[in-house]
Amino acid sequence: MNQMTKQKPAKKAVQKPKAATSVKAPVRLKEHIVEIISDSGEGAQKCGQSLGAIAAQMGNGIWTTEIIPAEIRPPARSVAGASGNRIRIGSGYITNGGDETDMVVAFNEQVLLGRVRAKELKPGCTILLEDMWRTHADPKIVASYIETHDALVKAGYKVIEIPMERECRTMVADPRRGKNMYALGMLCYIYSLELKLAVDQIVLAFGKKDQSVVDSNIMLLEAGHKWAAANLDFCYSIPAVRSTEPQLVVNGNTSLALGVLASGMEICAMYPITPATSASHYLSEVFEKVGGMVHQAEDEIAACAFAIGASYAGKCTVTITSGPGYSLKQEAIGLAVMGEIPLVVVNVQRGGPSTGQPTKMEQGDLMTAIFGSHGDAPKVVMAPGTIEECFYSIITARKIAETFNMVVVVLTDAALATSQQPFPRPQFNESWMAPPVDQSPVPAGAKPYDWDDTTGLARRFIPGQPGGMHTLTGLAHDRDSHVAYDAEINEQTLRFRSLKLAALQKTLKAPKVFGDPKGDLLVVGWGSTKGAIEEAVEMLRAEGKKVSSLHLQFLQPMAPGIKEILQGFKKVMTVESNWSDRPDDKIIDESNRRYSSMAILLRSRFLIDIDCFSEVKGQPIKPGTIRRVMLEKLKK
Amino acid sequence: MNMMSDMNSATACLLQMTDEHFQLEDYQSGVPRWCTGCGDNAILAAVQRLCRDEALRPEKTVFVSGIGCSSRFPHYMKTYGFHGIHGRALPVAEGVKMARPDLTVFVNTGDGDCTSIGAAHWIHAIRYNMNLTVFLHDNQIYGLTKKQASPTSPIGTKSNTTPRGSYLEALNPLTVTLGVQNVSFVAQAADWIPEVLFDIVKAAYHHRGLSFVRIIQRCPEWLPKALDPWMHDPNKVLLLNHANGLQASAGLSRVYKNQIEHDPLNIDRAREIASDTETIPVGILYNNPAVPCYEDLRQSDKLRTADLTRAGLNAELDKYTVWPQGAEQKVA
Ligand SMILES: Cc1ncc(C[n+]2csc(CCOP(=O)(O)OP(=O)(O)O)c2C)c(N)n1
Ligand code: SF4
Ligand SMILES: [Mg+2]
Numbered sequence: 001m002n003q004m005t006k007q008k009p010a011k012k013a014v015q016k017p018k019a020a021t022s023v024k025a026p027v028r029l030k031e032h033i034v035e036i037i038s039d040s041g042e043g044a045q046k047c048g049q050s051l052g053a054i055a056a057q058m059g060n061g062i063w064t065t066e067i068i069p070a071e072i073r074p075p076a077r078s079v080a081g082a083s084g085n086r087i088r089i090g091s092g093y094i095t096n097g098g099d100e101t102d103m104v105v106a107f108n109e110q111v112l113l114g115r116v117r118a119k120e121l122k123p124g125c126t127i128l129l130e131d132m133w134r135t136h137a138d139p140k141i142v143a144s145y146i147e148t149h150d151a152l153v154k155a156g157y158k159v160i161e162i163p164m165e166r167e168c169r170t171m172v173a174d175p176r177r178g179k180n181m182y183a184l185g186m187l188c189y190i191y192s193l194e195l196k197l198a199v200d201q202i203v204l205a206f207g208k209k210d211q212s213v214v215d216s217n218i219m220l221l222e223a224g225h226k227w228a229a230a231n232l233d234f235c236y237s238i239p240a241v242r243s244t245e246p247q248l249v250v251n252g253n254t255s256l257a258l259g260v261l262a263s264g265m266e267i268c269a270m271y272p273i274t275p276a277t278s279a280s281h282y283l284s285e286v287f288e289k290v291g292g293m294v295h296q297a298e299d300e301i302a303a304c305a306f307a308i309g310a311s312y313a314g315k316c317t318v319t320i321t322s323g324p325g326y327s328l329k330q331e332a333i334g335l336a337v338m339g340e341i342p343l344v345v346v347n348v349q350r351g352g353p354s355t356g357q358p359t360k361m362e363q364g365d366l367m368t369a370i371f372g373s374h375g376d377a378p379k380v381v382m383a384p385g386t387i388e389e390c391f392y393s394i395i396t397a398r399k400i401a402e403t404f405n406m407v408v409v410v411l412t413d414a415a416l417a418t419s420q421q422p423f424p425r426p427q428f429n430e431s432w433m434a435p436p437v438d439q440s441p442v443p444a445g446a447k448p449y450d451w452d453d454t455t456g457l458a459r460r461f462i463p464g465q466p467g468g469m470h471t472l473t474g475l476a477h478d479r480d481s482h483v484a485y486d487a488e489i490n491e492q493t494l495r496f497r498s499l500k501l502a503a504l505q506k507t508l509k510a511p512k513v514f515g516d517p518k519g520d521l522l523v524v525g526w527g528s529t530k531g532a533i534e535e536a537v538e539m540l541r542a543e544g545k546k547v548s549s550l551h552l553q554f555l556q557p558m559a560p561g562i563k564e565i566l567q568g569f570k571k572v573m574t575v576e577s578n579w580s581d582r583p584d585d586k587i588i589d590e591s592n593r594r595y596s597s598m599a600i601l602l603r604s605r606f607l608i609d610i611d612c613f614s615e616v617k618g619q620p621i622k623p624g625t626i627r628r629v630m631l632e633k634l635k636k
Numbered sequence: 001m002n003m004m005s006d007m008n009s010a011t012a013c014l015l016q017m018t019d020e021h022f023q024l025e026d027y028q029s030g031v032p033r034w035c036t037g038c039g040d041n042a043i044l045a046a047v048q049r050l051c052r053d054e055a056l057r058p059e060k061t062v063f064v065s066g067i068g069c070s071s072r073f074p075h076y077m078k079t080y081g082f083h084g085i086h087g088r089a090l091p092v093a094e095g096v097k098m099a100r101p102d103l104t105v106f107v108n109t110g111d112g113d114c115t116s117i118g119a120a121h122w123i124h125a126i127r128y129n130m131n132l133t134v135f136l137h138d139n140q141i142y143g144l145t146k147k148q149a150s151p152t153s154p155i156g157t158k159s160n161t162t163p164r165g166s167y168l169e170a171l172n173p174l175t176v177t178l179g180v181q182n183v184s185f186v187a188q189a190a191d192w193i194p195e196v197l198f199d200i201v202k203a204a205y206h207h208r209g210l211s212f213v214r215i216i217q218r219c220p221e222w223l224p225k226a227l228d229p230w231m232h233d234p235n236k237v238l239l240l241n242h243a244n245g246l247q248a249s250a251g252l253s254r255v256y257k258n259q260i261e262h263d264p265l266n267i268d269r270a271r272e273i274a275s276d277t278e279t280i281p282v283g284i285l286y287n288n289p290a291v292p293c294y295e296d297l298r299q300s301d302k303l304r305t306a307d308l309t310r311a312g313l314n315a316e317l318d319k320y321t322v323w324p325q326g327a328e329q330k331v332a
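For the record, the sequence lines run as chains G and W. Each residue of the first sequence is one higher than the last, beginning at 1 in the numbering used here. Each residue of the second sequence is one higher than the last, beginning at 1 in the numbering used here.
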């Protein structure tokens, strides 16, 4: 390394990159994945979000993914400290984050290294690298920069050094503020995006601050654009057709929160936990404007109990959490099941077990969601597969909870929580709202738990209803809500509570197969893997393979018609982001292999030999990976 | 009284409100299954009397409890009741009150329920200061699970988990409660002095905010002699009097001569009195009606109507909408 410093290639930095001699015609692309990364606080996230919004306005399909360091303030220039955004831009509709990155803008070489080591960059990918480190006062930094730079060049990456800091310094005193807009300007040039839309983004973001901030950001934006036009020898265009309908661009957590707004619920009780918190942050900002409130309880048990109290009193309530908090809520969830109190519980899954990987995606909580809480505690479990479904699933969840007096668990994950994908702007419908609290007198002789023998359903009495007085209890109870000491009653009521799931199941429609209804291989998925699975299926179908996929939104109960679908394929496998034993591990065989959650559920319910592939890397499974796995499965 | 027969129209309802009378039976439900001599019976009697005297509408009244002998309380009230899970009565009651401030909400919790498994909720409930009336049935033992030491068991208490006597000094629920920010009402009663018990229950009900009433409760089943020293020697009971608190009646004063004047607004003095474990102070230790209630601070002043929701939702959607070219007008 010392040797390398002695070579003093620092001179190179002083050379201006060659001006592009002629204006190159943009290369047309079908899609591209670009990421912008920096130390946290340098604004790469904002830059990426703006880029995504601009591309969406141009009519491009986009999928943005936040790159979040595990620590709040990782040390500057650290390998694990990359903060930023990854944007997949396409001509058509984009359903997931895609495979490896095609181009990256890095504010220092260390955060870049982190991405290289995580194998997130495509071999030979273009790297636009801030070059200020080459002439840094600290020789160690200079050495590290040069070493990394040279290694990347050697490894075949197309590294272009950019004097972002130097250029910005000619215009502003502190380039740490605003360099991201310079980068945005460059990217607008590279992707042939209208600069005016970027100006709009700046006005939207800083409009409330003083005009000088807006002006200086626009100046940097334009300078970045100009520099790129003068110095880069490539640019792209990703043709797009502007949508004729208004599109909403939000991440999964905001979508959930908007769903809460639209559902008519009045209270959200929560305790902060990554990656669920941003949903509550957003709700805290806006909920009161429509007559709601967010209660930050002293812990998740209290949050769940508070929600149950409010629901019991007639206002179906939501509690939002992630894995560890979800575990804490279990006893209270059982109480809601036993008392037949409607309740919506959102679990934005993260890596587990224990504290696990707070900022990373995983689908590890399906079994806990279905079987959690001791005894037989039947509850509804739903999993939105897209950002759009995050919105509508909350409205549906509230409805089911109140119709069936059940707990409805909505499982999303860190990937959905932090990704953005445009979807048609929802049109508010009054029927989404909760009905007013029933305060009418209870008919004489009516009982608080008058279970219907076929459906298990009973009308609920809400405090305030004259004549409905009874004590709800988590103890086994009879139709009068009297504590039941009789084992017979206990068994009957277990039956009624279970029947409600069947009653709901009868109202569900069979899910639609993606691809042909018959073929060689069917992949079953749930939750955030939807887009990647369908993309892999599409690729293989284009190659003539007889493959399809099935994505389940209702995990408990499962919709009718699934068995018939599974039977239409020679092979069936699930693709999930939760642990399954690797069949090629030495001591793993059919007698001890632990399958992925959905695979276990399907195998036990349908008695079909269903395989699984799982990856638990804290990142969404890539379509390319799924494609490879499917090809292997087809060959086996 | 028969609530159902004349409840058929809203007018009947309104008329009724002006002139309502209830009998004790209107609040009584089932036969309590507590042991004979259990202090919970006295608490039940006092509370039923309160409901009758205050003509609390049974359908607008909710008793929330946790788990324990004492948490069976709601089953014996002919109101709405919520017999939940161990330790979580307070957060459930908070949720009820936040959703429905129109309901009168009481909480019954045992010493294990409140000061052990539910201790975190207890501290925070005091701080939220919602308008709840909380009765801590403190028998200084786990009754339902058959005699284990509780945090409030006096040091040396022999129990099934401490057969050679409990090891730790008892936790003092009064000093703990009086130490929490936003505390607004703390009182102590003893089940064997029904007159004061009733007066305290009544004062607690009338306090707006969280009223915390520790009731020293006998458990003849597991600790039959534990409270004898205080029951047999009235001088070991200290009655707290004040013009802004309770005033001992002449009859009571004949038996309980150990009395002091105590201003319920004086929190320092309240903490001193509460720290005395030799005598049992009975009365209102602290009462400050000026502490704001969480539900008042947090209740939205807007009604969650469809129109408001549509407007609010659309305003939010506007922030994140990408409009088709030339159509940047708002949708309805
Ligand atoms: C989570 C949980 N842990 C333990 C229990 C068992 N349990 C029931 S009541 C109780 C203690 C009751 O003591 P206390 O709260 O003082 O009420 P008491 O019976 O004395 O009125 C315990 C430990 C339970 N029901 N739930
Ligand atoms: S065990 Fe004690 S607390 Fe429980 S009912 Fe009997 S006397 Fe009362
Ligand atoms: Mg006890």
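Be a bit skeptical, because a hint or two may be false.
Keeping only pairs whose Cα atoms sit at most 25 Å apart, straight-line, the calculated BS3-like set for lysine-lysine is [said to hold, decoys possible]:
#	chain 1	residue 1	chain 2	residue 2
1	W	302	G	289
2	G	447	W	60
3	W	319	G	46
4	W	158	W	236
5	G	545	G	633
Listed next, the stretches of chain W that the computed footprint assigns to chain G, with coverage defined by at least 3 CB atoms under 8 Å from CB atoms of chain G [stated by the list, open to error]:
#	region
6	59–65
7	69–82
8	92–98
9	145–156
10	199–208
11	314–321
Read the hints as simulated data drawn from the structure, not as lab findings. Even for Gly, the Cβ is constructed at its ideal location relative to N, Cα and C.
Given the proposed pairing of residue 302 of chain W with residue 289 of chain G, does the C-alpha separation stay at or below 25 Å? Cα-Cα ~7 Å, so holds.
Would you check chain G against the region 314–321 of chain W, counting CB to CB pairs closer than 8 Å, and say if three or more residues qualify? It holds, with 6 qualifying residues against the three required.
Please work out if residue 447 of chain G and residue 60 of chain W have their alpha carbons no farther apart than 25 Å. 18 Å, holds
Coverage of the region 145–156 of chain W by chain G, judged on three or more residues with CB within 8 Å: violated (count 0)
Quick check: the region 59–65 of chain W, covered by chain G? Criterion 3+ residues, Cβ under 8 Å. holds (count 5)
If you draw a straight line from the CA of residue 545 of chain G to the CA of residue 633 of chain G, is it 25 Å or shorter? 12 Å, holds
Tell me whether the statement that chain G covers the region 92–98 of chain W is true, taking a Cβ distance below 8 Å and needing three residues at minimum. Holds: 7 residues of the region 92–98 of chain W have a Cβ under 8 Å from chain G.
When I compare C-beta atoms, does the region 199–208 of chain W have three or more residues closer than 8 Å to chain G? violated (count 0)
25 Å Cα cutoff - pair residue 319 of chain W, residue 46 of chain G: Holds. Residue 319 of chain W to residue 46 of chain G sits at ~16 Å (cutoff 25 Å).
If you count the residues of the region 69–82 of chain W with a beta-carbon closer than 8 Å to a beta-carbon of chain G, do you get 3 or more? holds (count 8)
Can you confirm whether the C-alpha distance between residue 158 of chain W and residue 236 of chain W stays at or below 25 Å? Distance ~23 Å between residue 158 of chain W and residue 236 of chain W Cα, so the pair holds.
Figure legend: structure checked against the earlier numbered hints; hints not met, in rising order: 9 and 10.
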